[in-house]
Each structure stands twice: as C-alpha cells, then as structure tokens.
Amino acid sequence: MPSIPARAEAAAAPVVLSLSRLTVTFDTPRGSITAAREVTLQVERGECLGVVGESGAGKSQVFLAVMGLLAGNGRAQGSARFLGTELLRLAPAALDRVRGAGIGMVFQDPMSSLTPHLTVGEQIAEVIRRHRGVGRAAARAAALALLERVQVSDPERRMRQYPHQLSGGLRQRVMIAIALSSEPQLLIADEPTTSLDVTVQAQILALLAGLKRERAMAMVLITHDFGAVAGVADRVAVLREGCIVETGPVAAVLKAPRDPYTRTLLRDTPRLDAATDAAGQAPGTSAAPRVAALTLTDLTVRFDVGRGLFRPHARLTAVSAVSLELYAGESLGVVGESGCGKSTLVRAALQLLRPAAGRVVWMGQALGDLPKGALRALRRDLQIIFQDPLGSLDPRMTVGEIVGEPLRVHAPDLDRGARAAQLAAVLRRVGLTAELASRYPHELSGGQCQRVGIARATILRPRLLVCDEPVSALDVPTQQQIVTLLAQLQRESGMCLLFVSHNLALVRQLCERVLVLYLGRMMELAPAHSLYTGPRHPYTRELLAAVPVPDPDIQPARLARARPGEPPSPLSPPSGCVYRTRCPHAAAVCAERIPEWEELPDGRRVACHRWRELP
Amino acid sequence: MLSYALRRIAGTVPTLLVIISVSFCVVRLAPGGPFAQEQALPPPVRANLERLYGLDQPLTVQYAHYLRGLLRGDFGPSLGQRDFTVSELIAQGLPLSATLGLAAILLAVLTGVPAGVLAALWRNRGADYCITTLAAVALALPSFVTGPLFALVFGLYLRWLPVAGWQHGAPRYLVLPVLTLALPVAAYLARLTRASLLEVLGAHYVLSARARGLGAARVLWRHALRPALMPAVSYLGPAVAFVMTGSLVVETVFGLPGTGRYLVEGAIDRDYPLVMGMVVVYGSLTLLLNLIADLIYGALDPGVRRE
Numbered sequence: 001m002p003s004i005p006a007r008a009e010a011a012a013a014p015v016v017l018s019l020s021r022l023t024v025t026f027d028t029p030r031g032s033i034t035a036a037r038e039v040t041l042q043v044e045r046g047e048c049l050g051v052v053g054e055s056g057a058g059k060s061q062v063f064l065a066v067m068g069l070l071a072g073n074g075r076a077q078g079s080a081r082f083l084g085t086e087l088l089r090l091a092p093a094a095l096d097r098v099r100g101a102g103i104g105m106v107f108q109d110p111m112s113s114l115t116p117h118l119t120v121g122e123q124i125a126e127v128i129r130r131h132r133g134v135g136r137a138a139a140r141a142a143a144l145a146l147l148e149r150v151q152v153s154d155p156e157r158r159m160r161q162y163p164h165q166l167s168g169g170l171r172q173r174v175m176i177a178i179a180l181s182s183e184p185q186l187l188i189a190d191e192p193t194t195s196l197d198v199t200v201q202a203q204i205l206a207l208l209a210g211l212k213r214e215r216a217m218a219m220v221l222i223t224h225d226f227g228a229v230a231g232v233a234d235r236v237a238v239l240r241e242g243c244i245v246e247t248g249p250v251a252a253v254l255k256a257p258r259d260p261y262t263r264t265l266l267r268d269t270p271r272l273d274a275a276t277d278a279a280g281q282a283p284g285t286s287a288a289p290r291v292a293a294l295t296l297t298d299l300t301v302r303f304d305v306g307r308g309l310f311r312p313h314a315r316l317t318a319v320s321a322v323s324l325e326l327y328a329g330e331s332l333g334v335v336g337e338s339g340c341g342k343s344t345l346v347r348a349a350l351q352l353l354r355p356a357a358g359r360v361v362w363m364g365q366a367l368g369d370l371p372k373g374a375l376r377a378l379r380r381d382l383q384i385i386f387q388d389p390l391g392s393l394d395p396r397m398t399v400g401e402i403v404g405e406p407l408r409v410h411a412p413d414l415d416r417g418a419r420a421a422q423l424a425a426v427l428r429r430v431g432l433t434a435e436l437a438s439r440y441p442h443e444l445s446g447g448q449c450q451r452v453g454i455a456r457a458t459i460l461r462p463r464l465l466v467c468d469e470p471v472s473a474l475d476v477p478t479q480q481q482i483v484t485l486l487a488q489l490q491r492e493s494g495m496c497l498l499f500v501s502h503n504l505a506l507v508r509q510l511c512e513r514v515l516v517l518y519l520g521r522m523m524e525l526a527p528a529h530s531l532y533t534g535p536r537h538p539y540t541r542e543l544l545a546a547v548p549v550p551d552p553d554i555q556p557a558r559l560a561r562a563r564p565g566e567p568p569s570p571l572s573p574p575s576g577c578v579y580r581t582r583c584p585h586a587a588a589v590c591a592e593r594i595p596e597w598e599e600l601p602d603g604r605r606v607a608c609h610r611w612r613e614l615p
Numbered sequence: 616m617l618s619y620a621l622r623r624i625a626g627t628v629p630t631l632l633v634i635i636s637v638s639f640c641v642v643r644l645a646p647g648g649p650f651a652q653e654q655a656l657p658p659p660v661r662a663n664l665e666r667l668y669g670l671d672q673p674l675t676v677q678y679a680h681y682l683r684g685l686l687r688g689d690f691g692p693s694l695g696q697r698d699f700t701v702s703e704l705i706a707q708g709l710p711l712s713a714t715l716g717l718a719a720i721l722l723a724v725l726t727g728v729p730a731g732v733l734a735a736l737w738r739n740r741g742a743d744y745c746i747t748t749l750a751a752v753a754l755a756l757p758s759f760v761t762g763p764l765f766a767l768v769f770g771l772y773l774r775w776l777p778v779a780g781w782q783h784g785a786p787r788y789l790v791l792p793v794l795t796l797a798l799p800v801a802a803y804l805a806r807l808t809r810a811s812l813l814e815v816l817g818a819h820y821v822l823s824a825r826a827r828g829l830g831a832a833r834v835l836w837r838h839a840l841r842p843a844l845m846p847a848v849s850y851l852g853p854a855v856a857f858v859m860t861g862s863l864v865v866e867t868v869f870g871l872p873g874t875g876r877y878l879v880e881g882a883i884d885r886d887y888p889l890v891m892g893m894v895v896v897y898g899s900l901t902l903l904l905n906l907i908a909d910l911i912y913g914a915l916d917p918g919v920r921r922e
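Listed in order, the protein sequences are those of chains Y and D.
Heads up: the first sequence at position 71 corresponds to 71 in our numbering, and the numbers run straight through without jumps.
Offset between the second sequence (1-based) and our numbering: plus 615.
Derived from the structure by calculation, the hints contain no laboratory data.
There may be inaccurate statements among the hints.
Some chain Y residues near chain D, calculated using beta-carbon distances under 7 Å [stated by the list, open to error]:
1) M67
2) L70
3) M105
Listed next, with one range per pair, are the computed distances between beta-carbon atoms [unchecked claim]:
4) A751/D <-> P477/Y: 58 to 64 Å
5) V628/D <-> K372/Y: 46 to 52 Å
6) P412/Y <-> T675/D: 51 to 57 Å
Being a predicted model, the structure only gives us computed values, none of them experimental.
No residue lacks a Cβ here, since even glycine has one placed at the ideal position from N, Cα and C.
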C-alpha cells in the first residue's frame, strides 16, 4: 500500500495515524529479536482498522511502539506520525500530551489494567484533570457523564468502587471511559474483548462500533478474531511474524483473501453458521438404544466463601441439581458464561470435587460410595485435560516422564520395553515427534503442551475424557488442530468426551449434544444440530446471537442487536428462573417458580416456563 | 475498617496466651534452676529459697499464680538480681532500648525505602549497582563488626562522636548505636522495595497509566508506589518489635544499659520471671506491630479489607 506521509502533515488531512516502515526490535542476551518489520499503514478519521494476527505476530508491539510504551530493551525505527507529529522522536513530556489526550488506549485484560488501589472515579477523573486542565468537581461530573455514555449502570456508586468490585465487562467499560475521557482523535483497542464472555464481548464491540460512528474518531482494533473485525472494522491489516501480509477493505479481505496465510487463518476460524456438525460423522449416533456410561442425578456442588474468623460463611451454589446421561462413545459439550459452573460440574462428575448432593454413576457404579482405592483404580478410565496447557504440566519433569507417569501408577508391572513402546505410540497418536520425549514443558509451544496433556490423559486408553476449556488459551489455528485431534482420538477409541468450552462454534464442530448452563442450572440440552439451528431457551438464543460471525455483511447488524446485562452474583441468585433478570420474555411466573426440566418430543430438554409461547 | 481492627485485636489475645503458656513450660523444661551455682547451696537454704519464690509448688499452681500476677501487671521478682522486680528492670532498660529502636527504624525507613525506589528507577545503571552492592555488604556484615568499626572510625580516629555510654539519651551518644542498628534494616528495606517496585513497574496497570499520559512522576507516586510498599510494610511489623526490645550485640558494643541483655542473662541464670517478662513484652509488641502493619496494609490495598 502507498505511504503518503507528506499528505498526512496537512492539518485538514483525514489521515490520523500514519506508520511508515516501522520496525520494532528487542535486544536480548541472545541477540536482537525483530517483533515488527517495516510496517506501513494508515488510519483515517472515522475509520476503524482491524489488525489481525496470531499471538507473537507483533501486532501489539507495533502500537506500543507508537505510544512510546515499549519495554526497556525495545527500539522502534521508521516513522509513526499522529496528525503530522512524529511520535517516535518526541520528548517524554510532549509524548505525555499525546498519550491519553490525542490517543486513547484500551488493553486486553481490564482487571490488571486498572490500578487496584484507586477507585474507578479517581482513575477517570485523574485523566480528565490532567488533559483538560479542569478542577476536581468538573472532572468528577465529566467522569460521571462518561460512565453513563459507556452504559455503566448506577454510575454514582461505581465511581466509589474499586476495580476488583466490578465484573470484567464493567471494568472494560471503565477502561473505555478512561480512553475516551479527553475526546481522542484515535482509539487503540488491543484485544479489548479477548478475556471476556461471548455475550459481554458482543456488548463491548457494539459499544466501540457506536462510539466510532458517534465521534467520527479513528480506531485501531487489534485482535485475533475475524468475527470481531467483521462487526466493527472498515479495513483490515493481517500481520504475520511482524510483517503485513495483506491489507484491504474488510469485505474484500474476509470474503476473497489474496494471501495464503489469511486464507489459513480464515479457514481455521470456526463459524457458527457453517453446517459442519459433529453428529453424523461420529460413531454411535444411530437411532439404536444407547447405553448410559455416565449418569449424573441431581448433582449439586456448594462452596463456602470464607468471610473471616468471626463472620458467618457465605454459601455459594456453583452447580444446582444437574442431571444428565452421557452415552457410551458420545461427545457432549457444556457451554455457558464464565462462572456458570461448567468446570465445577465436570470436576464433581470426576469426584475431584465433593458434591453436596446428588449421585454420579459410572458404568453402574456410584462413584461417591466407592472406597478410595477402588476409585483410584477406576481413574484410569476417567481422565481430564485442562485449560492452561503449560500450567498443568510439572515443569521439572520431561515430556516422557509426564506422559509415562500414568503407566507407573496404573500399570506398575509393565517392563521397560513395553512402557517405552506405549509411550512412543501415544506420542505418535497425538502428533508429537519421539525426540520431544526428553524435552521439558517450557521448551514447547502452547499447542505442543496441550498435546502432551492429551497424551498423558489418553495413554491408558480411558473410556471418558473430560476436556475443561482445552483450547481457550491457544491461537485460532492451534485450536483447530487440537479439536481435530480430539475428534480423531474419539473416533478411533470410541471413548466418551465431555467438552467444556465457552466457544460455541468449536463445540458445534466436536459435540453431538450440548448442555447450556446458566448460574449453575441447566437451561437446555439438545443435539448440536437442533440447538444451533433452532434454540428453544431464550438464554441459548442470546448466547448464539452473541457469537461473532466473520462475515462483514451480517456481523454489524448482529452486533447492533447485542443484548445488555451480565449474570448476577451466584451468591444471591434471582428467585424462580435464574435467567429471568436478563430474559427478554420474563413474565410473573418466572420469578415465582423454578421452571421444570421438560423433555420435548424430539428428545431435547429445556427449563423455561415460556418456551412454548416463544416465536 | 473499625470492625476489622477490633476483630484483629480480639484475635491477638489467644495468641498471646499461647505464647505465654508455651514459654512458661519450655523455660522450666531446661535443666538446672535459678539456684544451681558452681558451689551448691546447702539443701536447707535452697529449700527455703525455693519456698520463698513458690518454686516448690506444682507447675500448674505456679502457672496460675503467674497469670494472676500478669493480670495485675506484676511480672514477679527477678531471681537473678535479687533486689529488683522484673517490672523495675524492664522499666529501667526499655526506654533506652525503645528509643534506640524507634530511632533506628525511622532512619532505616527514611534511607532504605528511597534507596530502593531509586535503585528500581535506575535499574541496571551505576546508581542501582552502587545501592544493591552497598545493601548486600550491609546485610552481610554482622553488627558486632560494624559497631566497633563505627566506634573506631568516628570515635577514635575522627573524634566526632563518643564511642560508648548513654548519658540519659544525649543525642551525641545515640548516633553510633542507632546507625549500627539501622544499617541492616535499611539494607533489607532497600532490597525489598527495589524488587517489589520493579515488579509493579512491569504490571499492566502501570503500562496502562503511562498510556494515559499521566507523566512519569504521577504514575510512580500514585499508581506504583503504594502496592510496591506492601512487602516493606509487612516486614516492618516484626522488625520494629525486634529492634525495640533491644539488641544484645549493639547494647554490649556501646555499653548501653538496655533490655537486650536481659533475655540472654535471664536464660543463662534460669531467671524464670525475667525471661518470661521479656517474652511477654516482646510477644505483645510483636503482635501489636503486626496488627498495625496489617491495618496499614488494609489502608493500602482495598482488596485486603474485603477478605
């Protein structure tokens, strides 16, 4: 693309930010590392540029360099002009008049990006006083108005609260309020929705899209998610290993990508609207009567929330009366927002947590009644992989020791040769080369670590594999590979799969049936195909509507319909139907009675008073 | 905040009781007794003495007696220095030790914390290397080396300050002992502050505050410093209690009549009431100062108050 820094200098030029051959390098003890190479791009007034790439592609570093926020060993060369001013060679004091004033920035993790010991009001007002030069009272009033603009409920009270007292979505709204506080000409949002739930993601993206329209400011949206780009951005730049590989209007790039890397990224982005259901390919989906392998009956898990020595303990019901059957060879997805109890549910099913009530029956045996030794022997059939691929591996053990450990516990009589053969076989099965066996976890990539986790869980050929958010810490192409691997392992071995995820598009690819949880209660359980094409429960509908679709023709309209609201605290759930406080169809009966878990003629189940009346 | 403080204060009472009970038993478990001397006392004399101090009673009776005394503020008579009660001994020594300790802590905070902040801000530059090296040396040198060294240099060679003595707390006499006592504390505070400020400066919220153009001074002062001081605050609680109850080494080197020697002398002489008195004073001070440190902690970090 052409670089036109000369034109950008004119005061009335529409170009707000212009990068020309921007190169970012880091000096490390092992030599210099290039994070971004000769990046040239521009952002015009009223335009949103989506910057897409995998983690490590250098997309954040480019814009940290623009802001003069590189780490101490980082260097930026080239040119970054903001309204004609060269930022890379600006003195710190002059730079501080641009940062936060001309350019606002929103970061990925809103918890760690707000100062923990200052109230929300103090942090917003501080920026206003600094850049607008107004007094304390005026700054407070302006902060209040900003909180209202970013749709924070009860802003007076929020002003006095600390960041840890707010939900993730509220914190990100506060971050946006701070970034907007001096009416910047450019807003840089660095993965603003990555750590948020899908419903809150949609709300925040809708807010950003609205602000861009309303203020005609330029915006940069850094993300790895084409769905986010499709809803908000006008143009896209795709970064790979520090270089721009493709740039163009959003419709052109997303619908007719020219670069092979962009094509790969797009292909690996799971799409809700793509009709690739797991059902049909997976075994055991025939109409023949099926055997329940795992049965949960009225499973309830409670946690005591400690309130100190002399204060009463609070009770939190994380999972409330969940009943379901997992059939032999079946894959079942468990979805819901964070805090809905999906991880707690599967952990209680494996007896890793003690349920407060209810029964877990595995192959006819009630796990809660088993003596410890018998339960441990059964564990070879019941395995689990976790969300944090690196954190779930012992850093002081080699890959071979980690993967082989279950054999030492459950098959101690195996001789050395047989053990080595099994180890080699399982590594091959999960797509790892044999020489990785002598490596340590920190030498591996995230995807490789998760493969190690899968190898460890499957070396004993378990009959149930629980996957607790196994891909949410991974890049999009890696996510796709891991899901493909899990599907293939399941097809080969016929094991049951219990797949917990907040990514509904991935669940659709892998699972035959899906359970939707909200505040620890079952909302809907249905075959994947019918759940995704005709959701019955209003909450399922909201979840599905919030999933971003990487299609610029549809996504802006979907965003515009994003519904407000976040789950209430599980410490004080609403009476009756727990979803009623967010439900657009709530009626009087919903506050009075907990809805029945009804079985529909087509085999799906739903807990809603009003599903019959819904369109 | 007030209810948090009250709850914490109520929580210290059982802790103190446990400290008293355990030390009461341990002290008496040690072989020997207050009247075991090189030349053994004639048995009748010894029996008389033991009866006089109630040492012939069963341990439980002695314990109950001791607790009753404590409630009245009576630590009992000293068995080693027969003309004095323990209360009198502590009243003689504690003002000196406390003055010395408080001055040392004040000096240590005023030098150590800024030194740590500067070292963090100038990380891996000359000033940082100077401060971290000095701190390492100061921590490595025991006070029976630094004390005489200071006395030698500033007292004998330069003749600026007196080498020993107290003179009712005349400031000139305080300087060298305070310096000796403060040095390792300041060094440790500098290291703690440096490490924790470096960590905080790398935190996302500091990056985010810088991105708001608040300016380096304000980012440091308002966003980074408070959380960076947490480790120093939690170290200071026990440190203050330790220096205030007297350092045997410093008081011996500078010939100061503080309480530092009581614990050692009392233990060697099996002077049960003296040892117990010191334990009670030191224990209560430690608990009190830990409590204060926790309250400061709560003021610095709103997250703690909630718990």
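Outcome of the hint check:
1. M67: Interface hint status for M67/Y: holds (6 Å vs cutoff 7 Å).
2. L70: 10 Å, violated
3. M105: At 4 Å from the nearest chain D Cβ, M105/Y passes the 7 Å test, so the hint holds.
4. A751/D <-> P477/Y: 58 to 64 Å: 48 Å, violated
5. V628/D <-> K372/Y: 46 to 52 Å: About 41 Å separates the Cβ atoms of V628/D and K372/Y, which means 46 to 52 Å is violated.
6. P412/Y <-> T675/D: 51 to 57 Å: This hint holds: roughly 54 Å between Cβ atoms.
In this structure, the hints that do not hold are numbers 2, 4, 5, in rising order.
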